[in-house]
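Trainee: Join the two chains into one complex using the hints; note that each chain is given alone, in its own frame.
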Amino acid sequence: MTSTRVRSRLWAWTAGGLLVVLWAAAAVPLTLDAAGVVRAHATTRQLGEPVDAVIVQLQEERRLSAGFLADVVTRDALAAQRRRTDDACTRLRDTASGSLWRTAAGARTARATDDLVRRLDERQNVRATVDGGKPGVTAVVDRYTALVATAFTGAPWLWPDGESRTGSALLGLGRAREALSQEDAAVIGDPGGARSAEVRARVVRLATTRRVLLAEAADRLPASAREKYDALAAEPRTTTLAAWEDRLAAAPPTQASAPPPALDAYRTGLRDLEVAAVRRAREDAVPAAVVTVAGAGLLAGVGLVAVIAVLVRLRRGFSGSRSRKAATASSPPADAHELELVLEQNRRNQALLHRQLRMLDNLQRRVGDDGTLGELFRIDHLASRVRRNVEKTIALTGGTPGRRWTVPVPLTEVVRAAAAEVPGFERVSTAQVEPAALAGTAVVDVMHLLAELVENAVTFSSADTRVRVSGAWDADGYVLTVADHGPGMDDDDLRAAADVLAATTPPPTRAWDGLYATGRLADRCGAAVALRNADGGGLLAEVRLPAALLHEAAGATEATIGLPPADPAPEASPAPRRRTIPAQRLPPGASPAPARPARPGPGTAPPQKLAPGATPRKKPGTGVTTVGTDE
Amino acid sequence: MNSLRAAPVLPGGGPEDAWYDDNAGPVVRLYAMTGGRAHPGDHGFTVSTLVQRTEERAPVSTLSPEESAILRLCARALSVAEIAAYLTLPLGTVHVLLGDLRDAGLVRIPQQPEEDHLSLAVMQRLHEGLLAL
Numbered sequence: 000m001t002s003t004r005v006r007s008r009l010w011a012w013t014a015g016g017l018l019v020v021l022w023a024a025a026a027v028p029l030t031l032d033a034a035g036v037v038r039a040h041a042t043t044r045q046l047g048e049p050v051d052a053v054i055v056q057l058q059e060e061r062r063l064s065a066g067f068l069a070d071v072v073t074r075d076a077l078a079a080q081r082r083r084t085d086d087a088c089t090r091l092r093d094t095a096s097g098s099l100w101r102t103a104a105g106a107r108t109a110r111a112t113d114d115l116v117r118r119l120d121e122r123q124n125v126r127a128t129v130d131g132g133k134p135g136v137t138a139v140v141d142r143y144t145a146l147v148a149t150a151f152t153g154a155p156w157l158w159p160d161g162e163s164r165t166g167s168a169l170l171g172l173g174r175a176r177e178a179l180s181q182e183d184a185a186v187i188g189d190p191g192g193a194r195s196a197e198v199r200a201r202v203v204r205l206a207t208t209r210r211v212l213l214a215e216a217a218d219r220l221p222a223s224a225r226e227k228y229d230a231l232a233a234e235p236r237t238t239t240l241a242a243w244e245d246r247l248a249a250a251p252p253t254q255a256s257a258p259p260p261a262l263d264a265y266r267t268g269l270r271d272l273e274v275a276a277v278r279r280a281r282e283d284a285v286p287a288a289v290v291t292v293a294g295a296g297l298l299a300g301v302g303l304v305a306v307i308a309v310l311v312r313l314r315r316g317f318s319g320s321r322s323r324k325a326a327t328a329s330s331p332p333a334d335a336h337e338l339e340l341v342l343e344q345n346r347r348n349q350a351l352l353h354r355q356l357r358m359l360d361n362l363q364r365r366v367g368d369d370g371t372l373g374e375l376f377r378i379d380h381l382a383s384r385v386r387r388n389v390e391k392t393i394a395l396t397g398g399t400p401g402r403r404w405t406v407p408v409p410l411t412e413v414v415r416a417a418a419a420e421v422p423g424f425e426r427v428s429t430a431q432v433e434p435a436a437l438a439g440t441a442v443v444d445v446m447h448l449l450a451e452l453v454e455n456a457v458t459f460s461s462a463d464t465r466v467r468v469s470g471a472w473d474a475d476g477y478v479l480t481v482a483d484h485g486p487g488m489d490d491d492d493l494r495a496a497a498d499v500l501a502a503t504t505p506p507p508t509r510a511w512d513g514l515y516a517t518g519r520l521a522d523r524c525g526a527a528v529a530l531r532n533a534d535g536g537g538l539l540a541e542v543r544l545p546a547a548l549l550h551e552a553a554g555a556t557e558a559t560i561g562l563p564p565a566d567p568a569p570e571a572s573p574a575p576r577r578r579t580i581p582a583q584r585l586p587p588g589a590s591p592a593p594a595r596p597a598r599p600g601p602g603t604a605p606p607q608k609l610a611p612g613a614t615p616r617k618k619p620g621t622g623v624t625t626v627g628t629d630e
Numbered sequence: 000m001n002s003l004r005a006a007p008v009l010p011g012g013g014p015e016d017a018w019y020d021d022n023a024g025p026v027v028r029l030y031a032m033t034g035g036r037a038h039p040g041d042h043g044f045t046v047s048t049l050v051q052r053t054e055e056r057a058p059v060s061t062l063s064p065e066e067s068a069i070l071r072l073c074a075r076a077l078s079v080a081e082i083a084a085y086l087t088l089p090l091g092t093v094h095v096l097l098g099d100l101r102d103a104g105l106v107r108i109p110q111q112p113e114e115d116h117l118s119l120a121v122m123q124r125l126h127e128g129l130l131a132l
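Those sequence lines, one after another, are chains A and B.
Numbering follows numbering that gives the first Met the number 0, with no gaps: position 594 of the first sequence is 593.
Numbering follows numbering that gives the first Met the number 0, with no gaps: position 46 of the second sequence is 45.
One chain only, chain B, in its complex shape (with noise of 0.2 angstroms):
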């Protein structure tokens, strides 16, 4: 009646029926992070928008990890793409934090470059950022 079973061996993942660490899976589901939400609302992001975070600091007590390690990459200006491949998350959450960030006024939209000028390099870099995702 002893349920308890041996420790499976490391790092193979166990028996069938059960998974340790990674392999348990993320603790905090993907929509958890955004509320359930998948729509950012009117912001008008794409893949290649630019975004920049601004002097305005929030008390990081109020941050979720996600939106701080969004604000953390923005230092400079980055690809939406690009930062949904550094924290592989899919573009839609990435959407709905950038949204929420806007908002608060914590991150903004800088001077977008022209549209069709982008150099092969920047194509370059956004095809292994999509890639990673």
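Bound-form chain A, shown alone (with noise of 0.2 angstroms):
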């Protein structure tokens, strides 16, 4: 019969496209897997050599040049080195700009690295000062130690691991040639054995700060390293440093010391050592990435091979019977029923970090050891950006995050809330945020599109610059602005990336995940987001909130921390208004605290971080502090 027919026919086309979405679904993140593992490698694999490259042969620039203007090395021997440190720094340039890498990388991650680059021309000005006249050896030093210090700080994309336990190991290896190598070049620059007696002091602070990281890394280096570790430091070469300095160290100023022993030999076995530990870790790390791009590319062309098939077969027309027998093998549950599944794990997830989150909160307010505070909050820091990724995910996959506010929240928090959610957040500076209250179905919305912008900012600065979020009212309404001093984007990249925020599907490759997230989720509370580059250098984000989420309302004051008025404050909070005068014009004093209690309920909301129960009060006129119960 027809209808039985088309019956059939219609579920074999849902089945066939149910079995689309579930390859897409099962290929797309293990291709985006994939695509991450690709990009990692490119930027260390191939940036990473070169880099320390340069590190080293500016530190033996550091150390000839140091030499030279002792008498010990000649000029030649400088030139030749010179030549060397640039041929290395050329080599950096090369592969920073070969096509495909930049690809690969990502184009913010490329340009920064021409930052680097260009950074390291320098060592023209350090070179002309060393050959003309008589510079004192140690301002030559310094200034090349900021240039090693700038290749190590300056790519900090470079150590992607750099919190894993073996990443910051190598880290440290690095570091502690480092100071090796700055103890090599105080030595050679006071060819009397270090006799000075700010000489000494140098050498004897290197010394304790190379033996310090080492110690440290040596935890944490792989089994087969840290044997090496062990055997190198039990080697005369070692040992024989070792006591000179401990000689250094003891002996009183003004006893003429021994002559240095020579620090190449140890120098090298520190180098050797951390060469293996490099290519120990990189062996490690292959295996897994050949497994994730293989299973990427497996799943995604043999799967999609399979999808075609299927489909091919629906469309030439088919018994039904084996075709639906075919699709509904291979189609398990409902794709929308496994999208609720994820959604209520995620929901799962916030309860149980929520009720962390809570604990941490009363611990902190209980304990009394700052050192324990301190741990406390790193703790607090971490549980927050499991939170941020928990609620994103919420968010991205059509789900309502569980934290919600019925009533406007200052801004000023909200901006702060989102800084505070991003490693290196001690870096963002969000002090100019003009007072305003955001609706509160939006803030958890705006707090992770705003997080997501400072942190690509924090990212791809450098680590001594500041990131800024400032807030501004203007005639259209209010506008939030992330500003950093990283490299700025050129047009097309500016392009790619308004491409990307307005994208209702994810990008094609890794590095422009955070943008997509941004868009997606500006696009659910309305909101706008523009980059452009700053006029002094940098990027600026901009995120025009729409009118409707804005009340004008105090910013962050001390009422939502629990402070009694000081001053006798007007009787009534009013409701918040929609803004029609800018809340700058008002008297200071004139909106005494944001409008919070707005909602139904006995009596009124007790103020936002006040421990249940126990209210800290003022009484009026008298002065004198007492603690009363919340009524």
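With beta-carbon atoms standing in for the labels, derived distance ranges:
no., chain 1, residue 1, chain 2, residue 2, range
1, A, ARG118, B, GLU55, 34 to 42 angstroms
2, A, ARG347, B, GLN123, 40 to 48 angstroms
3, A, THR207, B, GLY104, 29 to 37 angstroms
4, B, GLY104, A, ALA248, 38 to 46 angstroms
5, B, GLY104, A, ARG204, 28 to 36 angstroms
6, A, ALA527, B, ARG75, 41 to 49 angstroms
7, A, SER98, B, GLY104, 50 to 58 angstroms
8, A, ARG347, B, GLU54, 51 to 59 angstroms
9, A, ALA546, B, GLU55, 37 to 45 angstroms
Here are a few chain A residues that face chain B, going by a calculated C-beta distance under 10 angstroms:
no., residue
10, PRO400
11, ARG402
12, THR405
13, VAL427
If you are wondering where the hints come from, they were derived from the structure by calculation, not from laboratory data.
Remember, predicted model here, so these are calculated numbers, not experimental data.
Glycine residues also receive a C-beta, built at the ideal position from the N, C-alpha and C atoms.
Mentor: In structure tokens, the structure reads:
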């Protein structure tokens, strides 16, 4: 019969459609994973080596420059070394300008690397100082040290696993080698054998630094590298140097010190150890990467072929029963159901996190010891970052995160919370946010979209610069701005970024994921995000908040942290009004408290951060503090 | 597939996985108020140190809400414990904020009374302040 036939056909097409969705759901994340792995390899593998070479050559040039100024190194030897340094810098520039690498690493990483290459040009100025006249050895050494530091810290994305155990051990070894190299330069710059008190103090300080760094790194090294380290520590080249340093530290300042042992031997040993450890770490990482990439290729490729085959068969007409059997056999429950499961898991995770954070909060208010409080702060920061991920996932899969506000929340608080949920939040300044209150429904979305922009700014600007988040009213409403001092973006990148912000499906490369999330979150709350280069360098991300979300209200004031008003406050704190006059034109104190308690329920809601039950109050006029119980 | 849930009944707090307003917890976590710092440096504040604001005025925009709150509180000399109690902040946090304010010249430690002449009334206030933490 026709109706049965139509129904069975419909059935088969639905099953086919589901199959496509399932394949996409399985293949896309894996492919994205693979892209991420490829990108990480592209940056560390291709760029790690050239940057390391630049560091090694700069260290050697520092040593020879110090020796040259102390008349123990010839001009020719120094000139030859300078050529080697230049070669290393050229190699870094060439690698960084390779189009293949640039595509894999992402545009901003590539441009940040360009920035690093440019900063290394400073070496020409240092050389001019060395050649012209007789500058102090220490001054020259310090300028080279600053250059080396640039190479170490100017490329934070080179050490993506800096937080991992092995990653931090390798970084520690590198820094220990730098301390040794500085010591070397100090010694050669004072051919008498570290006689002056200044050099002596410097050598002792550097030796201590190196030993601390090495001890820390050794604990984190993989077993095989650890054995090498222990063997090196027992060798004469290590013990001779250590004994000389100890004698120097213990000797009275007037006594001439023994001539230093050759540091080269130990330096070579340390370098060998580092190279072996890096190679080992890389080998360990390769199998996992290969599995990820191969798995993605297999699933994406073979899966696609299979899906196409099914669809082609469907299209060609079919004998209903066989095809339906094939289709139903390979399609487990509906994708909507799976999505709901994922969402449910995330909701549960958020509930657990919520309890954890509440306990942490209580603990922090009770603990009396600053050291413990500091540890709790670090745990809290990590938990907050996890919560951000969970809430973001819930939002991006179409859910509503569990934290909700029915009343407007001061934007100052939203901005501070956003800054606090990214790594490196210590570098973010949030002081310049004009008072305004954000509709409760938009708090979580605005917070996380801002966090994406802040994290991007923190990641792509050098560690010694600050990221500023500001907010201001203008003629059309309110604009939040995230400004960094990193390299900006060229017109092509800006256009691509605008596309990603507006896209409704994830971008093909992982490098844009954060921006994609920003766009989706902005879409949820009706905000508009735009990127542009700042006039004085750096990138500006501007978030325009729709007027409907804004309320004119005091910014985060004392009332939000449970302060009893010190001055007799106006009675009413009216419900938040839509903004009619700029808040900053109000006389101070005209709106003493953000109008929070606007929700039904007995009494007024207690101020936000008060412990339930006990509210400290000040009796007006008496100046005496009593502890009352909240009604 | 629609994940929106019916709005819960207030003020009970709603379903297990949704928290409203105050139940949603502080928007700004404690660590964010001090940039993660819990050590005040070398300022030597103790719970009973009295603190008072100076005549210096900083532009309001450069102060965090907590710092403004401390300055408002410290119009008269107030002990660190009382400040912490009023603001329901950990002592460590208050120490750090006070250290910053002192560095900026916005608060000072007025002449301290003899530590061992704490009156019963002061002890009582301190006790109450601590209880409120």
